[in-house]
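Trainee: Sequence:
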Amino acid sequence: MSADRAEAPQVPEKPSLEGLETKWDAAWTASGVYTFDRSATRDQVFSIDTPPPTVSGNLHMGSVFGYVQTDAVARYQRMAGRDVFYPMGWDDNGLPTERRAQNYFGVHCDPTLPYDPDFTPPGTEGKTPDGKKIKRTEPCSRRNFVELCIELITADEVVFEETWRRIGLSVDWSLLYQTISDDARATSQRAFLGNLSRGEAYQAEAPTLWDVTFATAVAQAELEDRDRPGAYHRLAFHRTDASGAPSGDDVFIETTRPELLAACVALVAHPEDERYAPLFGSTVTTPVFGVAVPVVAHELAEPDKGSGIAMVCTFGDTTDVTWWRELELPTRAIIGRNGRLRTETPGWITAAGPDAVAAYETLAGKTVFSAKEQMVELLGARGELVGEPKPISHPVKFYEKGDKPLEIVTSRQWYFRNGGRDPELREVFARRGTELAWVPEHMRHRYQHWVDGLNGDWLVSRQRFFGVPIPVWYGVDDDGEPDHDTVITPDESALPVDPSSDTPPGFEASQRGVPGGFIGEADVLDTWATSSLTPQIACGWGRDDDLFSRTFPMDLRPQGPEIIRTWLFDTVVRAHFAHGTLPWKRATINGWILDPDRKKMSKSMGNVVTPIALLENYGTDAVRYWSTSARPGTDTAFDEGQIKIGRRLAIKLLNASRFALNSGATDVDPALITEPLDRALLTRLDDVVAMATRAFDAFDYARALEVTEAFFWDFCNDYLELVKGRAYGNRDDAVAGDATTSPATASARATLAVALDAVLRLFAPFLPFVTEEVWSWWRPGSVHAATWPSGESTSWPTAGDDTVLTVAATVLGEIRHAKSDAKVSMKTAVATVKVTDSPERCAALEAARNDVIDAGVVTELVIDSAEHRADSPTAIEVTLDPVT
RNA sequence: GGGCGCGUAGCUCAGUUGGCUAGAGCGCUGCCCUUACAAGGCAGAUGUCGGGGGUUCGAGUCCCUCCGCGCCCACCA
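First residue of the first sequence? That's 1 in this note's numbering, and the numbers climb one at a time after it.
Keep in mind that the hints were calculated from the coordinates and are not lab data. Using N, Cα and C, we set each Cβ at its ideal position, and we do this for glycine too. Treat the hints with caution; some may be incorrect.
To be verified - Here are the in silico distance ranges between beta carbons for each label pair: (1) ASP227 with ASP355: 49 to 59 Å; (2) GLY781 with PRO670: 34 to 44 Å; (3) PRO561 with ASP227: 16 to 26 Å; (4) ALA40 with LYS127: 28 to 38 Å.
What the hints assert, rightly or not - Listed below are the simulated DMTMM-like cross-link pairs for lysine to aspartate or glutamate, each with C-alpha atoms no more than 25 Å apart in a straight line: (5) LYS390 with ASP502; (6) LYS397 with GLU272; (7) LYS834 with GLU860.
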């Protein structure tokens, strides 16, 4: 036994996959294999910016899919010698948590209420203490509400971490962060203050997309269109003569929103529309209210839509905003933030006379829906509604989390510049998109397309509660009114701050809200304004500059395609402003999982497939196998069959390893690997390592898995069978035993050890549990800390002739074929096998003669090149023993 | 309406810069309890590469066009 030889392998009698996850997760935590070594320099580090998942308590199949793919890359990088910085975070700030807190505790936030230290929510889990469903939520102060949110997520996050650990991510859990934590809030506010001081953040009074239900402004990135039923109402506007008196002629427009008639500020038609050209510059009066509005021209008006002329209201849709801005129309807002028509009669209606006022009063305070019905009645009564409304289905803008159409209201909000209103800046961000490496390459189009389509700056203020407060105060003027032009900022050292309770520098708490004092900004930042800073939060920007310098800009940003326009783009914007760089070198975009439930809706008789159930039924490695079989960026149908294959592969790995180790696989001088068949195997292995390495370097984990799996398959089916007898020492002249092992047997055993060792490492990124288990039978330390088998670590002889294995496997295959055809057992003896082939291939076969004879149970093997004709294929004749 | 992607065996998918009779796994069929593995092994059958044109000595691969599917974006009159 040589000095460097490991202890005798400890191979279990019945190897099994059960319980490996718990066992090794605990072991990895204890040994710290995934702990980031912060003495590493930037060039040695591979840092990964995982988008922190929303804490929901549930793990989604899609998350498992994408995160496991990234983990395989992380594990490869670690084995390839990089110091992997792989933090995880929880995105717990924002609306989803607010909603869950509302449902869970049965409360809602009323920011006008004072803090109640003794506040007790009506219940938990949506139920009262006596188990009844909570029907009405109870109001509480903002601070009480935030406390409840934090209580909820703290409990959830413990469970969530356990769940995530189950999928075997090699993250350094000591780096775990939360987007609502003090550090994250401080980072977010620090970045905001930087944006403010450089003029990248600004506040403006402007038309804003507004969600009535949540009572908050929303950003362009959070919109989605949904098809909703509507109806065209044909309305008669009245033309006037030069003196402004009615001329008796009418102009007809079609609108789906007659309730906004009181907010009408103009009619607009295309400049080249001959039907309406004579009207441009003239004035018409609205039906019902008789308010005079101009007829104007704009190329956005579409002649073939409706009657070709549209009414512009402030504001019915985003086109109205465009027209209002570009045509410098007046603002006549009638819809309030509660989604109802203003209760006080607007001045322009009053000016139109008592009839108009009377009409408006029947609408005042009504919801959009009721106002529409009332308006139709008013129009009908006056004969100004032509015909019946024509039902249509049309796209309507919604907040992606909302269930009522968005309204547009004018309000003061905070914005970040993002190029939406500045072609030069837009070009800067477009260029950033081209600098970023994309996997797959075509995903860059989505980024480009989004940047090209931006039509406004990024609205970041939200009228919500559970978020990062906008860290500013405003001066209060002599009349006690906030002066929004006087912005007071905190000292950086004071971050994070809450302006609603903290006092700005230079003021006393008693000056809050009094003339000459200050008032805190009540709004919070959009959740994206914080999650767009995950590289800064994770890498310790402004908090741990040493760590930051070793990890930022990060190497990799893995994520789904649906958040390119939001999360990815926003993160690029923030890093560009704060650091003048990209936040990462490369983005890998995973594909979608096609939901089987959706597909098989008709068959949905129960079984909801959850990742947890799959992980329990098949084991984590099996689920990881399926996830990493999918090509980067490629959509994949959920396939339980693939998961079963993964499980089989893992079991196969256990059994094949057990066999190899029990056959005497042993570490000896690789120079003892002398048999041509063994050298052929290792030559092939060398190619596989090269292919897998190349694939991983291109972030194509799936290809790396594919070539490794194919090799392992051949290794088991062909090589193991061929070498079995020789490894056992069946043909040894000497008595079995180390000291007297023949060179042929020693060669086989050394080859088994080398091959198994390499195969375990090659599979380690994909099947971390089973490879670690087998590794522990005979190797010290963790396979995940082992060196990737390439380059300098390739210490086996590779000058072999691959043909030896190929020909031997082909002949063995023919022998099996013959036995299969004869319907006899594989251990049946074969009388003769005659192989006719080229001299080269015959020589190769000759080199493996004894192994083929052993594996095929062959009595006589005839190898002949004399009758071989050039270009004709290998000819193999198998004659079974007549006795059988 | 614009953009991106996809359409290869019954199913899920590979097919790298155009190159030897188009591949894998599942499923299917048959056989084998072989002492690593019967929740296994071995073997077998299966394709107008969505349709139609074109370039080429040669096209699943490149070009054009049509059909179908998915996703994203788009101004809700």
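Trainee: Starting from LYS397, check that the Cα of GLU272 is at most 25 Å away, please.
Mentor: Judged against 25 Å, a Cα distance of about 29 Å means the pair is violated.
Trainee: 34 to 44 Å was suggested as the range; check whether the CB atoms of GLY781 and PRO670 agree with it.
Mentor: Between GLY781 and PRO670, where Cβ atoms are some 21 Å apart, the hint is violated.
Trainee: Keeping to a limit of 25 Å between CA atoms, is the pair of LYS390 and ASP502 held or broken?
Mentor: Status violated; Cα separation ~56 Å.
Trainee: Tell me if the beta carbons of ALA40 and LYS127 are separated by a distance inside 28 to 38 Å.
Mentor: Since the Cβ atoms of ALA40 and LYS127 sit about 50 Å apart, the hinted range of 28 to 38 Å is violated.
Trainee: Honestly, do ASP227 and ASP355 meet the 49 to 59 Å range at C-beta?
Mentor: violated (38 Å)
Trainee: Measuring from beta carbon to beta carbon, are PRO561 and ASP227 in 16 to 26 Å?
Mentor: The hint (16 to 26 Å, Cβ to Cβ) holds, given that PRO561 and ASP227 are roughly 23 Å apart.
Trainee: Given the proposed pairing of LYS834 with GLU860, does the C-alpha separation stay at or below 25 Å?
Mentor: Between LYS834 and GLU860 the Cα gap is close to 8 Å, so the pair holds against 25 Å.
When the structure is compared with the earlier hints, violations turn up for hints 1, 2, 4, 5, 6 and for no others.
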